[in-house]
Amino acid sequence: MIADRPFGFVAVVYLVAVAVLLSWRYGCFNSPPAPDYVSARELASNHRIVAADLQRPSSFAGSLGFYLAPKASIVGKYISVKSSIGPHKPIAVSALADKPDMQLPDKMQAIAFPLPAGSFPLSMLDVGTTVLLLGKDADTKVSIPVMATVHAILCEVKKADTENCYPVLRIPADKSDSVTKNQLSFHIALPSQVHP
Amino acid sequence: MFTTILSNLQSLISTRFLVASFFPTLAFWFAHATMLFFFNAPFAEFVQSNLQKTAGLATIIAAAVLIAVAFTAYVESALLPTMQSLMEGNWPQWIASLFAPSQMRRYDKFEKDLDENAILRGAFGTTSGGQSQAEAWQDSLTKARQVGALTRANDFTKQSASARQIAKLSQLRRRSRPIPPDDLRDAVTDLVLDLRIYNAEQQGPDKKLTLEDTRRQLWGLIDYADQYAAVQFRTIMATRQSAFGMLPLAPTRMGNVAKSVQSYGVERYNFNFELFWSRLQFPVQRDKDFGPILQATKTQLDFLISCSALMLVWALTWAIWLYATSGPAWVFLAIAIGGPIVAYVLYRVAVAQYRTLADLLRSSVDLFRLDLLAALQYQRPVSVDHERDLWNTIDAMHGLYEVRELPYVAPSKSS
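Sequence order for the protein chains is C and Z.
Basically this note's numbering = 1-based index in the first sequence + 35.
Basically this note's numbering = 1-based index in the second sequence + 920.
None of the hints are false.
Derived contacts from chain Z toward chain C, CB cut-off under 10 Å, selection only:
#1 A1020
#2 A1239
#3 Y1243
#4 A1244
Below are the EDC-like pairs computed for lysine to aspartate or glutamate, each with C-alpha atoms no more than 16 Å apart in a straight line:
#5 C:K112 x C:E198
#6 Z:K1088 x Z:D1103
#7 C:K210 x C:D174
#8 Z:K1029 x C:D39
#9 C:K106 x Z:E965
#10 C:K117 x C:D136
These are calculated hints, taken from the structure and not from any lab test.
Where is the CB? At the ideal position from N, CA and C, for every residue including glycine.
Let the hints inform the model, and build the full structure from the sequences given.
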């Protein structure tokens, strides 16, 4: 029977081999989870992901970029887990959110603070970066320094896919009036830029 | 832009290369690119970013891709004879021996069909009276009708046993099935009895000439059964001759179709087709009608062989890659199963196309072998036997390097 139908026998053997390999590698047709990018550096909670944050995983297929999601589908999302993601750790899709977490600690308030022209580039800021706001109080006209922390980086997509990004700063609630009333007079500086 | 580049290529490169190698190779790489697009993020990003590039840059990239495809297509065209040879079953002997039984089984089926047909044709052969069986049956019907015409009764209806029997045989004709001679003989015997006792020229109880109609029906069935046996014989012989050559058989369908050409030449004329094909192409290609048809048919065959082989390579490459890298299970399954199936379907289409080509090659032997003799400046044979001896001698000289004596003739002005 087999000798008379060698091609049929080869076809059956091939099908059995495929079935065995399939069940061996995949179980019951369950595809393995798609590999994740790994972080190029430590990524804090609420960090807005940029392309440079993403590295291909070290597996053979992953290092060649196989089965990875397009970077464009991840760039611009926010780390939603409370703890930071360490360097070279997988960035799971479940750990990402489309919007930043805007819940603030008590006695803190958020203000959007677009960087004025001529200031340092936005890329120097990240979640948790401490900055100094220098300006005059609207009522007393006295120069006051306000310490602030970057809470999140927000971006608005404009026409032609260009983005307008700005930091959202976390400042003490008792200082918020002073800043928001006369925000145009305030300059933003990194602590390293401030000379005693 | 793409069309312009292809048009320019077409003017520079032969149609055969374009159809048989370039387009299959282009499809092959396009299929790879499609897989990469869906499963390789950097490649997808590269493609998407390049789609938005300027026309100039896009042209440069398209040209680079086309050059790369053309380069691999040339390599593929060089490998095409090897692919064809593999599909023809030119394998190591021990592998060929393992797979040849499948072809022998098909060959035996033809032999069995021929035996059954011989029995069928034998049943319709010449009788002791010198008539064919069909004529003898029809004669007996005529004589019985003449005897019945002397009677005055006709109780024959469609419910009569012979009418029902003949209706069953008509069903066989309606389904293009053969009519067993024994059934036909029984029907003739029964109807002859009815024709003798009833008058076929009188209307029956159903006010119709049912007996006469039934007689005519059976007459037609006898003709049908007789012709069926003869036509079936020709069909089986033609199919077998186009599917198989001489024994021993090749281990694949394509190989046996290829061998059928050699068998035809040897059996008819002692013409060693495998040896003389390259020489025979000279007169064939000079014929302005036959040459292009042969070329087009060969191009179509090469196209199908390329498609089949490249499909298999593509499917196996991706099945192995997906398995090795733990790709999506359903994609692995679809490619591992579907790819070889599609490749096999293309192979079977190629075999069908090869039959067409083989038929043309047999025709070329019939039509151009004497032109080849003229081109070789050998004498034209005067009879079939003389020709067989002549080709045998030429084969011995060209194929076996034996020294023989053959007179030359001066070439005619027309040749």
